[in-house]
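> All chains, full assembly: derive it from the sequences and hints.
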Amino acid sequence: MIIFGTSSKLMQLAMLNLLCGFCGNPAAHALRKRVTKFSLFFIPLFPIAPAKHSLQCTFCGAHTEISKESAEQMLGQAQGAAPAAGAAPQAVAGAPQQPGAQGQNPFADRGPQNPYQS
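The sequence shown: position 96 = 96 (the UniProt record's numbering), numbered continuously.
If you're looking for bench data, these hints aren't it; they were derived computationally from the structure.
Even glycine gets a Cβ: it sits at the ideal position worked out from N, Cα and C.
You may find that some hints are simply not true.
[Claimed, not checked] Each pair of labels, with its calculated beta carbon distance range: (1) L75 with I48: 21 to 29 Å; (2) T6 with E72: 18 to 26 Å; (3) G24 with M1: 51 to 59 Å; (4) G61 with L13: 12 to 20 Å.
[As the list claims (entries may be wrong)] Dumping the calculated DSSO-like pairs for lysine-lysine here, alpha-carbon to alpha-carbon at most 27 Å: (5) K37 with K9; (6) K37 with K68; (7) K68 with K33; (8) K52 with K33; (9) K68 with K9; (10) K9 with K33; (11) K37 with K52; (12) K68 with K52; (13) K9 with K52.
Okay, here's the thing in structure tokens:
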């Protein structure tokens, strides 16, 4: 008897501060990657589908699929924007904080929407 099937692994790559296109709130978004692999006797062997990347708003729970290129760009910007160890954070007193850098918000072309409406 041979036991085979598929298994999926969900990995969180980063937490990004973006403006949500669904609820309109500046909130943290989880950047995640899902990989589906063929399993033989419960041992994952090789990927059977390309990895899928997604963003999920921690405020309203809205979930959006994004391209691999967009995910890599956001991950690179998030790692590049992180301050070095021991460095003081740079902020201007009284200036409002932007939820995300220009060009990295995949929801920018959408207006506020309710994900529960059909």
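> Run every hint past the structure and note whether it holds.
Status of each hint after checking the structure:
1. L75 with I48: 21 to 29 Å: Hint holds: Cβ distance 24 Å, inside 21 to 29 Å.
2. T6 with E72: 18 to 26 Å: With a Cβ separation near 25 Å, T6 and E72 satisfy 18 to 26 Å, so the hint holds.
3. G24 with M1: 51 to 59 Å: Given a distance of about 54 Å, which is inside 51 to 59 Å, the answer is holds.
4. G61 with L13: 12 to 20 Å: With Cβ atoms ~18 Å apart, the hint holds.
5. K37 with K9: Satisfied, since the Cα-Cα distance of roughly 8 Å is no more than 27 Å.
6. K37 with K68: The given pair, whose Cα atoms are some 18 Å apart, holds under the 27 Å limit.
7. K68 with K33: With a Cα-Cα distance of about 9 Å, the restraint between K68 and K33 holds, given a limit of 27 Å.
8. K52 with K33: At roughly 6 Å apart (the allowed maximum being 27 Å), K33 and K52 satisfy the hint.
9. K68 with K9: holds, 16 Å
10. K9 with K33: Between K9 and K33 the Cα gap is close to 8 Å, so the pair holds against 27 Å.
11. K37 with K52: Within the cut-off at roughly 12 Å; holds.
12. K68 with K52: holds, 7 Å
13. K9 with K52: holds, 11 Å
The structure meets every hint from the earlier list without exception.
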